[in-house]
Each structure stands twice: as C-alpha cells, then as structure tokens.
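2 protein chains.
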Amino acid sequence: MFEFEIDAIDEATGARNGRFHTPHGILQTPVFAPVGTQATVKALRPSDLRDLGATLVLSNTYHLYLRPGDELIRDLGGLHQFMGWSGPILTDSGGFQVFSLSDTRKIDDDGVTFQSHLDGSYHHFTPEKSVAIQENLGADIIMTFDECPPPNDYDYVKQSLRRTHAWAERCVQAKTRDDQALFGIVQGGIFPDLREASARFLLDLDLPGYAIGGLAVGESKAEMAATLDGLNPILPQDKPRYLMGVGAPEDVVNGVLRGVDIFDCVLPTRIARNGAALVKGERLNLRNAQFQRDPAPIDAACICYTCTHFSRAYLRHLVKANEILGHILLTMHNIHFLLNLVRQMRQAIHDGNLEEFARDFLSSYPPLTPSKEGT
Amino acid sequence: MFEFEIDAIDEATGARNGRFHTPHGILQTPVFAPVGTQATVKALRPSDLRDLGATLVLSNTYHLYLRPGDELIRDLGGLHQFMGWSGPILTDSGGFQVFSLSDTRKIDDDGVTFQSHLDGSYHHFTPEKSVAIQENLGADIIMTFDECPPPNDYDYVKQSLRRTHAWAERCVQAKTRDDQALFGIVQGGIFPDLREASARFLLDLDLPGYAIGGLAVGESKAEMAATLDGLNPILPQDKPRYLMGVGAPEDVVNGVLRGVDIFDCVLPTRIARNGAALVKGERLNLRNAQFQRDPAPIDAACICYTCTHFSRAYLRHLVKANEILGHILLTMHNIHFLLNLVRQMRQAIHDGNLEEFARDFLSSYPPLTPSKEGT
Chain A
1 MFEFEIDAID EATGARNGRF HTPHGILQTP VFAPVGTQAT VKALRPSDLR
51 DLGATLVLSN TYHLYLRPGD ELIRDLGGLH QFMGWSGPIL TDSGGFQVFS
101 LSDTRKIDDD GVTFQSHLDG SYHHFTPEKS VAIQENLGAD IIMTFDECPP
151 PNDYDYVKQS LRRTHAWAER CVQAKTRDDQ ALFGIVQGGI FPDLREASAR
201 FLLDLDLPGY AIGGLAVGES KAEMAATLDG LNPILPQDKP RYLMGVGAPE
251 DVVNGVLRGV DIFDCVLPTR IARNGAALVK GERLNLRNAQ FQRDPAPIDA
301 ACICYTCTHF SRAYLRHLVK ANEILGHILL TMHNIHFLLN LVRQMRQAIH
351 DGNLEEFARD FLSSYPPLTP SKEGT
Chain B
1 MFEFEIDAID EATGARNGRF HTPHGILQTP VFAPVGTQAT VKALRPSDLR
51 DLGATLVLSN TYHLYLRPGD ELIRDLGGLH QFMGWSGPIL TDSGGFQVFS
101 LSDTRKIDDD GVTFQSHLDG SYHHFTPEKS VAIQENLGAD IIMTFDECPP
151 PNDYDYVKQS LRRTHAWAER CVQAKTRDDQ ALFGIVQGGI FPDLREASAR
201 FLLDLDLPGY AIGGLAVGES KAEMAATLDG LNPILPQDKP RYLMGVGAPE
251 DVVNGVLRGV DIFDCVLPTR IARNGAALVK GERLNLRNAQ FQRDPAPIDA
301 ACICYTCTHF SRAYLRHLVK ANEILGHILL TMHNIHFLLN LVRQMRQAIH
351 DGNLEEFARD FLSSYPPLTP SKEGT
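So the sequences go chain by chain: A and B. Just so we're aligned: the first sequence equals residues 1 to 375 in our numbering. Just so we're aligned: the second sequence equals residues 1 to 375 in our numbering.
Just so you know, the hints here were simulated from the structure itself, not pulled from any lab data. Worth double-checking, as some hints may not be accurate.
Copies of one chain are not kept apart here, so a pair can be met inside one copy or by any two copies together.
Unchecked claim - List time: in silico EDC-like cross-link candidates among lysine to aspartate or glutamate, alpha-carbon distance up to 20 Å:
#: 1; residue 1: K320; residue 2: E71
#: 2; residue 1: K320; residue 2: D119
#: 3; residue 1: K320; residue 2: D75
Just so it is clear, the structure is predicted and the values come from calculations on it, not from any experiment.
Construct all of the structure, not just a fragment, from the sequences and the given hints.
Pasting the structure below:
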C-alpha cells in the first residue's frame, strides 16, 4: 500500500512519471486533482469526472466537518460512498481554511479556535481533531495539520515552523487507520533555509508523501519556482510530492519541471463559474462582446465535450444568462484542459522530451522574472 | 412532413399512442417536453436529455428574442445548432410570457407592447412578429400568437377570443417556412361554449396540430379535466393535441385520458432547483431534516442516474449547501420521472390497459373534485 513506483525520470529536470498506489486505485503522476470542496466538484457528476479522466479528487475537511458533519459521512459509509466517487480522494487538514478565517480565529500551541462561516458557532481544531475528522471521512491521502503563515515574514515563519512540526508529530501519533497515507506539509515561506529545515524535520518522520504548503498565497511566480528548486534535491525521490493549491497551467508545468507529482486547485472550476475558459497562454472571458456571434468553439483543437459541441456564442449566451449549463460546460473544458496538460507531461516524461514540451507550452506565458510582482 | 400516425387508441378513453413526424425526428406520443427557456434545459446538457429519453424540447420565443436575439440565433444556424439539440424543438409564441408581464404591457388589436424584464426597454409583438421570430429560431413546431386571458371572466374571455382568432389567421398568413408546423391555440377559459367556438374556428384553418391554452393558470383540476373532456370529441383525431404548460404528473395522466398527445412544463426542472423530487403521489422536499441520515435513494424502484448512485442524505447535503450538483441530480430524476410516466402510458395504450395503469397511478393523488380549490 502507498508504494510509489517511478516509471520514468526526465534526466535534465528530475521530473518524474510514476504510479502511486492507493486503496482506491493507482494515481499516474504527475496528477492534477479537481477540488470537491463540499463533497462535490462543483457542477460535475462523478461520472463526468471519470469521463474527463480525473483520478484524484480533493475535498475539504473544514467544510465537511461543518456540513454535513464528518460523523454523518462516516456513518453513511465514508466520503467515497457518500459522494459516489470510487477513485482516490485526498482531504486537506482544515488548517488552510481555518487560517484563512483571519478575523475570527485564535491560535495557540494546542490548536486553533475559529468561528464557522455558516452560523458563527465556535469550534476548536487540534492536530488530533484534524486526524480524527479525516479518519471519519476516510480519504486515501490525508494531511498533517499545519499553520500556513504569510510567506514573507521571516521571524513569524520561523516561529510558526516549530508549531507546524510539533503538530505533524502529534498527527502521526493520533493516526489509527492504516489504509490512509498521512502526508507531511513542508512550510517555511520563501526562505530557503527554513524550507530546508522543515523538509529535513518531516523527512525524519518517514511519511509516505510530502506536500509543499504555503505557496500560491501572494509570493511571485519566481519565488514559487525558487522554493521548488530548493526543495527538489532535498525531498526524497521515492515519495510523491504534492504542491498544494496550485493549478494555474503555467504553475503546474513549472512545478513538474521541479519534481512535483501532485497538484490541486479550485482555479479551473472557480474561473469557469465566472465565465472564463482556459486556453494555452490565456483565459478567455466568455462575457466579452467579441464572442457574441463567434461560431468557433473555445479551442478548435480541444476534444472536450464543450469544444466538440458548442460555439463561443452559445457559451457567452449561457454565461450572460447565468445558466447552470454555462457553469457545467466551462467547468468541463477547464478540467479537461488541466487533466490533458498533466497527461501530456506524463507522456513527455516517458518519451524523454519534457523540456521541449514545457518550453513550447511556457512560451505562451510571461517568463519567470525575479520581481515581486505577485501571482 | 408533419404526418400524425396513430398506432393505437384506447377504446374506453380515446387516448392515443401515435407518431408525429417532424424535420428533426419522430415524436412518439404521448410525449412530455422539458422546457429550455433560454435555449437550455436548466442544469442539463443535450446529451443528458438524449440519455434520459427526451425527444421534444420547448424553448421560449420571448426570452430568446430578448437574449441573445432571434437574428443572432438564425445567423448561427438556428436554434437546433445553437443549443446543440438535434431532436425536435417547439417554440411558444411569446404570448403567454408577454401577458404575464401584467404591469408593463399594453394590448390592442394590432398586438402587445411590453417592457423587457431584463432592461426595461420597450418592445412590440404582433402575430407577424411572433412568426418572424419563430422562423428565425427555426423550431419544428411553432405556435400562433394568442391572448391568454384570466379563465373565469366570461365576457373578457369572449372578447379576447375574437382577437386570438384574428391573430391566428394573421399568423397563418405571415408564415413563410414549410418546414415548421404552426399549431393553433384553443382558448375560451373554463367555458364549454367558448372552448367549442374557439376549436371550431381554428379547425377551419386546417392546421397541423392544435394546442389547448389558458389552462393550469388558476382553475381547479376538475375544471381543467372538464375542459379537456369537452374538447376531446371536437378536436380532430388525425392531428396532435398539445396541452400547454401542464406537467404535474397527475395532470399529465388526466390529460392523456382525455386525448392529449403533447405536454410541456417547467415543473420538473423548477421544483428540482428548489430541492424537491417527484415520486408517485408526492414531492419529497430534500431539505427536510428527516432525510439527513437517510441512506436510501429518492425512489428505490427508480432507474435514473440519481437514484442508482446517490442517497437522500447526500442529495439533502447538496441542496442545503446550494451545490449545482443538487440541481443537476434532482433535475435528472424529475425529468426521468415524467419521461418514464409518458413512456409507461404509451405502452399501456399499446397494450390496452391504460385505464388500469391510470387508476393505479392516480390512486396516489387526491381525486378530481368539482370544487374551486385551485391547482
């Protein structure tokens, strides 16, 4: 269980094409996980996800704990059964969401007290509580409870690491199920020495996988790349690496080039509901008047259901009229875009031409400059 | 074109099982048409409709005229191409929607002036304009422009009939396409003499089908049934009969028992988005706390995707969390319920046991009483 087999490594970059074994199936890596925050990837059925080629779905501990409740989900057979997804699932620890509630949460070494965004009720998460919830949910991959600090404040990040590491140890202690892989989360902001210290601490815990947390939270794309470059030689070759919350297409490519195996992000589903479609190098805003009478699909080369059946003019109409079908069709296209991107990278690693593929793909995006321009 | 072949007639009731030929396929009758107000059946893809067994889809002239515009749809290849539905389509005339704008419309013998619900702009519909829009849209079945008066005011209904009939004649004159069937709409409120007069006037126009309008607008179910009983022997056997805007399951059964062939209604899709699921005899409100931990499907005997994959507990969670997937899954179930109902009735007519089927089905609903209890 939780074996990570590497089938091919790109010599130049260290990018890997592998297979991670989970109780609900094998993940071919690099893999992108659509996000099903509330036990549903918004606007898609499980059969759609399967047809699109999704293998891993992420769901959120914070949201499911509040509604419908992790014990209810446990009593109904666990999250796979509850949401009708028989493939692998990953749950986050709830930490990121809780820390995002910046106005209402209080943190100490025991854990975090926060107010529900639903009804204002008070709750307390600890590492032990996070693991217990995630065991009730029953995902294949679960995460340690960590603090996700602002990435640019050296002193705060350093202090925070002490807590994050102690919490990781408590999660390991609290864990009771052996059919779930507990991944550790490397923190350390944009500071190479702190990232290295965090990685080395967690490596000593000998976990089945390692996540890189605290990125895509305001640092520049160059800082994200530098952080990944710093961790690439430190993280073990034989464990999967998961870059949390990253899903902009160029970030996924840059992540794979730096040894990342697993990605998740709400980006493709969220921008779909705002009327935006991913194409190489840009996001088409279907609200734009230029598409009003455009008979072309979003992308003539795309083989997704949306692009093989509908015009930009029709999609614009759906978006303007706020029709659910607009959310559905753009979500399908955007998820297909990312799943196809990682599929192409798996093939490129296998074929030994990842750099060529990445160079071509990234030529449509701004270069990684070391400025602090943000993401 | 537009031939109506009757394969079987139920001797006791006159209910018919037939085939109506249209340019985009054959409609097996009785048929229920899901409503795609804005060129989309809300929450469903065309492939879903096909998989559910839908054959006829209704779309709304008023809405499509305002947005995205009937000329735009024409220029993009017509409504079938625009919305990706290759089966038969029916468009209403816009009359019902325009008359529903009771505060902002003005009617005279020429037509109706009204304000858009989108931006308050002024527009004028005439019979000629309605036909021109419907020709731009390009549906297989189009409707005459009529007035839909309050059903209980004898004097007003009688006056209104004069106008509705003159408008029907103008629609016939205005029509230029021979690949669209123009159906006439029988009005007359709840008054048998006015209904008969309206039917006889329209029969003289020798149209390829006849609709019964102005029902399900506040009269009792008994009044609806009496009106259908009155028209059953008057409307021609060899033309399809369309009961507009009716889709409560018991009303569909009562309609078929009184010779109706075609139904449409927003009910299954609208109540789905409110969290309600159709089962025989009732509507399950999935918001109810009783379903919180219910592992059963909506209906254990139902073979739809929703019932074969998801629990009431999960559906309740989706509805409470206002997830799009809740709309999708309940819409699929409710559309399946109505399509399966007419499928069963086609079979029952064919097998000669419609009365038995209807008696059993209607035993789950309140009887038709002649009180004015409303619908």
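For each hint, the structure was consulted:
{"no.": "1", "hint": "K320 <-> E71", "verdict": "between (40 Å within a copy, 17 Å between copies)"}
{"no.": "2", "hint": "K320 <-> D119", "verdict": "between (32 Å within a copy, 13 Å between copies)"}
{"no.": "3", "hint": "K320 <-> D75", "verdict": "between (42 Å within a copy, 19 Å between copies)"}
The earlier numbered hints are all upheld by this structure, with none contradicted.
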